[in-house]
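Student: Could you put the whole structure together from the sequences, leaning on the hints where they help?
For the sequence shown, position 13 matches number 648 in our numbering, and the numbering has no gaps at all.
To be clear, the hints were calculated from the coordinates, so they are not data collected in a lab.
Check each hint, because a few of them may be wrong.
What the hints assert, rightly or not - Below, in silico cross-link-like pairs of lysine-lysine (DSS-like), each with a Cα-Cα straight-line distance of 25 Å or less:
#1 Lys666 - Lys652
#2 Lys785 - Lys707
#3 Lys748 - Lys666
#4 Lys652 - Lys748
#5 Lys652 - Lys785
#6 Lys652 - Lys790
#7 Lys790 - Lys666
#8 Lys707 - Lys748
#9 Lys707 - Lys652
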Amino acid sequence: MSLSATQLTAIDQHLRKENWLLNEDLIAELKDHYINGLEERLAQGMAFEVAMREIQRGFGGRSGLLALEEEKNRSRTPIIARQLRQLIGSYFRPPRLSVTLLLMGVAYWCAGKELVGNWLEWAHISFFLVSTIPIITLGIRNGFLYVAGKRESMKEFMAVFYRYILAVNLLNILNFLWGHSTFKSIMTYSILHQTVIIFAYLFIGTIIIDFVWIQPRRSTVLAS
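Tutor: Listed below in structure tokens is the structure:
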């Protein structure tokens, strides 16, 4: 017994609004399970709502479904972390090695021209703002799209969000190693030391942009 469009919509609303699920991959899997289970139960004469509640209870109710989503999200983290490590490694091999060498050259030029004191004191704040504003903007935009009924928009946002959270921690490592007190005295360091610090920030900034924004779009283009 095939389900009607109204019943399919009810399943979608049940998973998203009643059970608070956001992971689009999990929702798609659960929809298939619900559809199969509902068709069997409806064929036996069970009411639609009763059948849907029975399937929900089989997963442990709302808490069980949310636990499934949490586990699904956790399983993605090692994959994304491996992708980040592979991307960083690619910047030390051709063709991206040329970008790394260019960043080293820019860092050395900035240190030699004594430009460090003019901007590096605020580097950690600037990099954080530059990397945070786009993700906030995307979240607001896709949140409005989600409310408007375009459910796939949240899948796009979450895919970027997981990558952002992981990548921005690289910046936090630099901020821990070279905090505000270091920036104040950086002009007293050797040219080599200044170059290393500047390069580290430029390199991590490049990785964040590439990993969070360029790579997902490149994968989408290749897939199409």
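Student: All hints, please: hold or fail.
Tutor: Hint-by-hint comparison with the structure:
1. Among the hinted pairs, Lys666 with Lys652 is consistent with the structure: their alpha-carbon atoms are about 14 Å apart, no more than 25 Å.
2. A distance of roughly 22 Å separates the Cα atoms of Lys785 and Lys707; the hinted pair therefore holds under the 25 Å criterion.
3. Distance restraint check for Lys748 and Lys666: the Cα-Cα separation of roughly 61 Å exceeds the 25 Å cut-off, and the hinted pair is therefore not satisfied.
4. Taking the CA atoms of Lys652 and Lys748, the gap is about 57 Å. The hint is violated against a cut of 25 Å.
5. For the given pair, Lys652 sits about 14 Å from Lys785 by alpha-carbon distance, which is consistent with the 25 Å threshold.
6. Among the hinted pairs, Lys652 with Lys790 is consistent with the structure: their alpha-carbon atoms are about 16 Å apart, no more than 25 Å.
7. Distance hint between Lys790 and Lys666 is fulfilled; the C-alpha atoms sit about 16 Å from each other, no more than 25 Å.
8. As the CA atoms of Lys707 and Lys748 are separated by approximately 50 Å, the hinted pair breaks the 25 Å bound.
9. With a C-alpha separation of about 19 Å, the suggested pair Lys707 and Lys652 falls inside the 25 Å cut-off, and the hint holds.
Comparing the model with each earlier hint shows violations of hints 3, 4, 8; every other hint is respected.
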